[in-house]
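Asker: Protein chains in written order, with the numbering used here: chain A, 13 to 366; chain B, 13 to 366; chain C, 13 to 366; chain D, 13 to 366.
For identical chains, the list gives no copy identity; a pair is met inside one copy or between any two copies.
Computed cross-link-like contacts, DSSO-like style, restricted to lysine-lysine with a CA-CA straight-line distance of at most 30 Å:
hint, residue 1, residue 2
1, K229, K20
2, K268, K111
3, K268, K173
4, K176, K283
5, K362, K225
6, K362, K111
7, K229, K111
8, K362, K52
9, K315, K268
10, K362, K229
11, K52, K225
12, K201, K268
13, K365, K20
14, K315, K283
15, K365, K52
I should point out that these hints are in silico values taken from the structure, not numbers from a laboratory.
Protein chains: 4
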Amino acid sequence: MAGNSFGKLFKLTTFGESHGPAIGGIIDGCPAGITLDLDKIQADLNKRKPGQSAIVTQRKEPDTVVFLSGIFEGVTTGTPIGFTIENANQKSNDYSHIKNTFRPSHADYTYSEKYGVRDYRGGGRSSARETACRVVGGAIAKQVIRDIEIVAFTASVGELKLDKEAAELDFSLIESNPVRCPDPETATKMETYIREIRSQGDTVGGTVKCIIKNVPKGLGEPVFDKLHASLGQAMLSINAVKGFEIGSGFEGTKLKGSQHNDLFNQDGSTKTNLSGGIQGGISNGMDIYFNVAFKPVATIMQKQETINSEGELVEMQGKGRHDPCVVPRAIPIVEAMAALVLADFWLQNKVSKI
Amino acid sequence: MAGNSFGKLFKLTTFGESHGPAIGGIIDGCPAGITLDLDKIQADLNKRKPGQSAIVTQRKEPDTVVFLSGIFEGVTTGTPIGFTIENANQKSNDYSHIKNTFRPSHADYTYSEKYGVRDYRGGGRSSARETACRVVGGAIAKQVIRDIEIVAFTASVGELKLDKEAAELDFSLIESNPVRCPDPETATKMETYIREIRSQGDTVGGTVKCIIKNVPKGLGEPVFDKLHASLGQAMLSINAVKGFEIGSGFEGTKLKGSQHNDLFNQDGSTKTNLSGGIQGGISNGMDIYFNVAFKPVATIMQKQETINSEGELVEMQGKGRHDPCVVPRAIPIVEAMAALVLADFWLQNKVSKI
Amino acid sequence: MAGNSFGKLFKLTTFGESHGPAIGGIIDGCPAGITLDLDKIQADLNKRKPGQSAIVTQRKEPDTVVFLSGIFEGVTTGTPIGFTIENANQKSNDYSHIKNTFRPSHADYTYSEKYGVRDYRGGGRSSARETACRVVGGAIAKQVIRDIEIVAFTASVGELKLDKEAAELDFSLIESNPVRCPDPETATKMETYIREIRSQGDTVGGTVKCIIKNVPKGLGEPVFDKLHASLGQAMLSINAVKGFEIGSGFEGTKLKGSQHNDLFNQDGSTKTNLSGGIQGGISNGMDIYFNVAFKPVATIMQKQETINSEGELVEMQGKGRHDPCVVPRAIPIVEAMAALVLADFWLQNKVSKI
Amino acid sequence: MAGNSFGKLFKLTTFGESHGPAIGGIIDGCPAGITLDLDKIQADLNKRKPGQSAIVTQRKEPDTVVFLSGIFEGVTTGTPIGFTIENANQKSNDYSHIKNTFRPSHADYTYSEKYGVRDYRGGGRSSARETACRVVGGAIAKQVIRDIEIVAFTASVGELKLDKEAAELDFSLIESNPVRCPDPETATKMETYIREIRSQGDTVGGTVKCIIKNVPKGLGEPVFDKLHASLGQAMLSINAVKGFEIGSGFEGTKLKGSQHNDLFNQDGSTKTNLSGGIQGGISNGMDIYFNVAFKPVATIMQKQETINSEGELVEMQGKGRHDPCVVPRAIPIVEAMAALVLADFWLQNKVSKI
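The following block holds chain A by itself, in its conformation from the complex (with noise of 0.2 Å):
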């Protein structure tokens, strides 16, 4: 009820502070007799991680993850799978200067509003640290849908854009590059461009677009769990994540119908897909690709003017370690996220019809 969990069938229940001893979560419903491939996890963390590259946070994390339950011999029993992420590097004392200061667009202050009490160290909860148990969710998902193929790319930083078409890409690229934008040129101007914003003590905002392949048809639940609402929340959960759009998104608004309507083919697929792979809130089998709005990291190495816990205005500075753009970083969340929608509306098709 608190928010803490997502899904329903698949679901998973995070917790956890950013300076806590530790962050980690449950994973209730995962089906018996999944052999999972646990490196496979660890890969999916290791892409979310603090420090990879020049141009992320450079606090040190190893975020390996270590499984409490629900795999026997290395296959899943059925039972709950808790895990835990060890927070090996809180520098707690980077953030004495918060304590009693509202960080401009930070959850500083609606935390405090909403429970009158808040764990300030590094963004407590709302720190994006959170979403390394998300990323460890969504691995163990992956494995369970596993012809389903999902993948996660930076399609904008500021104003720069990819400007080309899924079609053009070559996802193996994606991580040949500290932005995981699959077009090596774009690739170079985003980072040349993150580097520069880092270096004025700023960050800068971006998207990313996410597409999906070889969907089952009949995923998603009408009529409030049509599986684009849930890919949006699930997105919009993210933190910094400020627009979801999916298929024509709002470019496809502009449209009139006789352009826009996605014509079938004799197999039932269709000849364009402005659909986004969902009609109806329905999978039909064509890719599903979405896009999602990160905006610009609200803690920046500027001195900003802002107020503390008595309503006194204060000049405050960032410290601490944060990432210039989010974006490279959000990748493997994206994902991740998707991964959990996905496995749970597989799981809720199962028992659809008789």
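Chains B, C and D: place on chain A using the hints.
Answerer: What follows is chains B, C and D alone, placed relative to chain A:
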């Protein structure tokens, strides 16, 4: 589980197909002791009703809601509120031509694939008629959170965009024109365009902007149930919606943190509001605002090639009574879904601290 | 959340007060593709109906269920099944005497304390009339789990106990007498006793035994949702129920492990069945059996002292039409709740392994 | 969904097998602002701990709970409380003899049938070790509902019954003996009997009585979530429980309404309390009391015939460290589950009226 419920504490469950005897729903979790203004509920329904103007579907439905329980002597009793809305004017024969034919970009094909069976009459459960029940639920939700003001309006139709800031608009003009755009000049252009589109037997998309005022601080639950994530799910669950953005949205991704951060005033309000009234998933007391993208309606009155359930290519032409542009009638639905989200989180927030 | 829903995958939500225009409900999660026998549903309702024999309440209700959605050409479509049952014979004036008076051992006082307001007519939502909706839900659930056989019968009325083992009983005789006891001799004694109790203006309690055959192995979810725990919740949620025991129950607590253990046959069945068909919360394929304790109905036709809403002592005498013993009419309700539990776990079990 | 969570607003989710590295859980929905007494939590755990007296299992476990999140400077923050309890003393080799053998009346067979795979060491997830996590959750729940007093004690062991009314008992004596019976004389008899049973390599069942005082009026939700129905589910979900009765329970079924009704005092309290503090599923402010039936533990130290996974008849003899009677160690578990139910309904009741 099967996706026909919305909300956790204030929960709406709906039922009903477009051409069955009635649609309806149950609102469970409405607190006791609220004196309901039933006329306001019907008034909201009337705003969604077909046949209300020349630019919407001409299906005639009285759309009169009948309450069966949960209200005694005008006051909510804390027990579930059951209600029905008769389907008065089902012209089922209008749909015999689609019995075995899958309309392009409709839910016909995906429902058939998912369930193996479907009520093809008028789209059955996938019909936007289902949203009438959401309007009833939302209208009651509004009376739970009386002080919160929710206003939605048409922000674009096709390429025609309302190019004014919220502060420049007079919301009392929204209902002054059939398009539900608060700027009369733009409204006239939009109406003319919709008429033109209709005369072509075509349809067009558009966007809705929603602004929510007087939101208490503290609504929204970290981590997965961020306020804007639930608003996103709510909006994306409405028929024909393809995108959602909150606050600065997709445009905000182009900004730097130093431009995007909302600096505080001493009273905790912010000088700017690019956050859209939500930080860390929790309302901060500033106005919430978001945009919703609606694709063009799939049913067009032009000939289209499609397939039937035997996988044969067939030609079809839309019949029945459809909207050339759903946006005007979507306004009360957007408001209703927003109200459902806010009432739910308002209740949830009552148990967030001791 | 407010407790008007039952089940997770096969979910029944009910609404309705005793003296409103109608009661009803929504079944969400019924799989598509089931050809429903609607007559069987009505037949179950008729078994619960008031006025069916001389030893039950003489309120006359046709209790005809009307289905509004989710069934197309006799087959479930996977969409929610909405239904209503009209309240035909509400004699609301029968209840004006309790408007401000709290009947002893009734829910009048607690509803008032909880909600601050109540629909006092006929007990409102706390009336056993609500269970008619459970019978509808259960009757559909039975058609989901067709091979499972659920039989309930009267096992005791007051001190009069059916002293035969299940194996000695002919269940086809249950409906041969108004008490619903499969042993005609005992049934006659019970009926005579109930008539005597009624002539005294009094009421009496009793117990129901339920036996479930052909249960597939594997139903039930550890840890909190053990099959018998959910059966227990289901039964204890029926009006007037004060106890539940599965298998050897309270008597079994007196035994030693060496006496109580059910030894295996080679095929996995057990030589004895003190476990009641469930081990570790999961069905083992043996018969499930349990007992349910019903207290005497609180409404008696004798004078009792009580208090009113002003806290004054007043004298009252039951009016209206009530059952001297609820047990005979509770039989179909016990069966219905058992069916709801089993259908839900049958669906849940479909996703327990890959 | 998979049954490892308990509660709606105050929700405990647990994980862990008997012989994995650790068990643990997450409490989600604990309100912010509660100063937790961590010693009390550990004290409750110590009451459940193995090895605490001569009449319980001699497995040695420190059972030290480690909190990982949700508590900052001793105060709950409203974020999820994650915790682990190390499995220090897993003698996994004790269980190699049951790897392929199904112990009679255990969950071995049903887990295998359900999941196709199981962690056989020490019963895996079906081990009562899992209940340690419930005790942690319950101990925190008690600190949410501080004014409510929950007391459980041993009411019978085999045929030996505590034959005194609650009013005659001195609850401060419960912890004065290893049986946890408040009547020293009866306790001695029970202890002697348990020692005798143990010396036979046998086990015995018993019952626990629980009394809850200072319950606010209004807890419990009609219809399906009646307070006693949820208490029943809670108790029946504890390992080895076979029965539950509230108030007058099974004995009450023998009474007439004129005997059973609880007449009011002018202050709304009742002269008698056969209802057990709950009417219509809602607490009325009187003491809640109920009995819980525990079967004899299935693991006996005698030879038994059973089958293995090949369906062969084999002989087996219990090894490992087991309880001759679970009842004494079940006392803190019963209290914990009662606390979880009450805290949940206490929160739920906060949103029942405006």
